[in-house]
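A.B. asks: Starting from the known structure of chain C, fit chain R onto it as the hints suggest.
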Amino acid sequence: MLTGALFAGCAAGLIAALLHFAFVQEVILLGEGYETGELTHFSGSALEAPADHAHEAGAADDHVQGAEAADPSALTRNGLTVLFTILIYVSYAGLLVAGFGLAETLGKRVGAVEGLLWGIAGFVSFQLAPALGLPPELPGTVAADLGDRQVWWWGAVALTGTALALLAYGHHAWKYPLAVGMLALPHIIGAPTIDEYYGVAPPEVGAMFSARVLGVGLAVWAVLGWVAGQLWERSRTA
Amino acid sequence: MTTLSSVKTTSGLASVLAMVVMGVALMFVAGHAQSATLHDAAHDMRHATGFPCH
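So the protein sequences, as listed, match chains C and R.
Under the working numbering, think of the first position of the first sequence as 1, with each following residue one higher.
Under the working numbering, think of the first position of the second sequence as 1, with each following residue one higher.
Any given hint might turn out to be false.
Quick partial rundown of chain C residues pointing at chain R, CB under 7 Å, derived from the structure [stated by the list, open to error]:
id, residue
1, S73
2, T81
3, L87
4, L95
5, V97
6, L102
7, L106
8, R149
9, V151
10, A165
11, A168
12, H171
13, E196
14, V213
To give an idea of the chain C side of the interface with chain R (calculated C-beta under 8 Å), a few residues [as the list claims (entries may be wrong)]:
id, residue
15, M1
16, T3
17, V24
18, G101
19, T237
According to the in silico footprint, chain R covers these stretches of chain C (three or more CB under 8 Å from chain R) [said to hold, decoys possible]:
id, segment
20, 128 to 135
21, 139 to 148
Read the hints as simulated data drawn from the structure, not as lab findings.
Using N, Cα and C, we set each Cβ at its ideal position, and we do this for glycine too.
For reference, chain C alone in the conformation it holds in the complex (with noise of 0.2 Å):
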């Protein structure tokens, strides 16, 4: 279970690790850009924004000195970069392997079909629901306080990964309208917001960010899955 978790993340890591270069760090460095002030955007500065909101609000300027304190060359930061994006899958492997463990012991099949399937329930799990309240944030944006939006973002993902369980394996006519609601609930709940927007980067790079972060997780996602369904599927045969 734990060697099919390893390879599946690592794989579908390195493969994100290469779309991220191909897609998404170019958008990261341009909004960092409007962040640091190095470029401005025509109607908004980091500058502008209320001090007392600012801080409240989780600082992108603690953020930014924080960047510049660091100040690692880019081979290192983009070396972290695929480090953590390694143990981040593999993170996300371990739990879709776990799953897949849960439903044998249920009595369900799990191969390479139905770990795209897996995969493809756990890209909105993990991102597209928890990305209609918490959209993927560009730096240079400013968002509520970050402790509630990861209690938030944890609830979104326990409630939509349950609900697709639910609706996937559940037996009972009543689990169409329980996971309707578990889908529904973190939204109708709603993620934390700020009282007017702050970001000082341009609303199309963060658009274009929040889109290619969208893209590139669908398509790790699936193949995550498909790759960990596959393993699971011949250590069980094996």
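C.D. replies: Okay, now just chain R, sitting in the frame of chain C:
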């Protein structure tokens, strides 16, 4: 037979639980922990996977 299946199921559930704990712990450390070092190291990945970052 019943004993064997129940042992198998228990061991299966223990593995499932271990994988869940590992996955969540790794996700927390890589994606959510707010130590400055971890944040800076994981920064680009956190943004690129849609985690709340800072």
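A.B. asks: Does each hint hold? Answer for all of them.
C.D. replies: So, going through the hints one by one against the coordinates:
1. Interface restraint check: S73 of chain C against chain R, minimum CB-CB distance 13 Å, threshold 7 Å, status violated.
2. For T81 of chain C, the shortest C-beta to C-beta distance to chain R is roughly 4 Å, which falls under 7 Å, so the interface hint holds.
3. Interface restraint check for L87 of chain C: the shortest CB-CB distance to chain R comes to about 4 Å, inside 7 Å, so the restraint holds.
4. This hint holds: L95 of chain C has a C-beta 4 Å from the nearest C-beta of chain R, less than the 7 Å allowed.
5. For the restraint placing V97 of chain C at the interface with chain R, the shortest Cβ-Cβ distance is roughly 6 Å, inside the 7 Å limit, so the hint holds.
6. The closest approach between the C-beta of L102 of chain C and any C-beta of chain R is roughly 5 Å, which is under the 7 Å cut-off, so the hint is satisfied.
7. At about 10 Å, the closest approach between the beta carbon of L106 of chain C and any beta carbon in chain R exceeds 7 Å, and the interface hint on this residue is violated.
8. Among the interface hints, the one on R149 of chain C holds; its C-beta lies about 4 Å from the nearest C-beta in chain R, closer than the 7 Å criterion.
9. Against a cut-off of 7 Å between C-beta atoms, the interface hint on V151 of chain C is violated, since the closest Cβ of chain R lies about 9 Å away.
10. Because the closest C-beta pair between A165 of chain C and chain R is about 13 Å apart, greater than 7 Å, the hint is violated.
11. At about 17 Å, the closest approach between the beta carbon of A168 of chain C and any beta carbon in chain R exceeds 7 Å, and the interface hint on this residue is violated.
12. The restraint placing H171 of chain C at the interface with chain R is violated, with a minimum CB-CB distance near 18 Å, outside the 7 Å limit.
13. With 7 Å as the threshold, the beta carbon of E196 of chain C stays out of range of chain R, its nearest partner Cβ sitting at about 19 Å, so the hint is violated.
14. Because the beta carbon of V213 of chain C sits about 6 Å from the nearest beta carbon in chain R, less than 7 Å, this interface hint is met.
15. Using the Cβ-Cβ criterion of 8 Å, the hint placing M1 of chain C at the interface with chain R is satisfied: the shortest such distance is roughly 5 Å.
16. Hint on T3 of chain C is violated. Least Cβ distance to chain R is approximately 12 Å, over the 8 Å limit.
17. Against a cut-off of 8 Å between C-beta atoms, the interface hint on V24 of chain C holds, since the closest Cβ of chain R lies about 5 Å away.
18. At about 4 Å, the closest approach between the beta carbon of G101 of chain C and any beta carbon in chain R falls short of 8 Å, and the interface hint on this residue holds.
19. The criterion of a C-beta within 8 Å of any C-beta in chain R is not met by T237 of chain C, whose closest approach is roughly 16 Å, and the hint is violated.
20. Three residues within the 8 Å Cβ limit are the bar, and the segment 128 to 135 of chain C against chain R gives 4, so the coverage statement holds.
21. Residue count for the segment 139 to 148 of chain C with a Cβ under 8 Å from a Cβ of chain R: 3. That meets the three needed, and the coverage hint holds.
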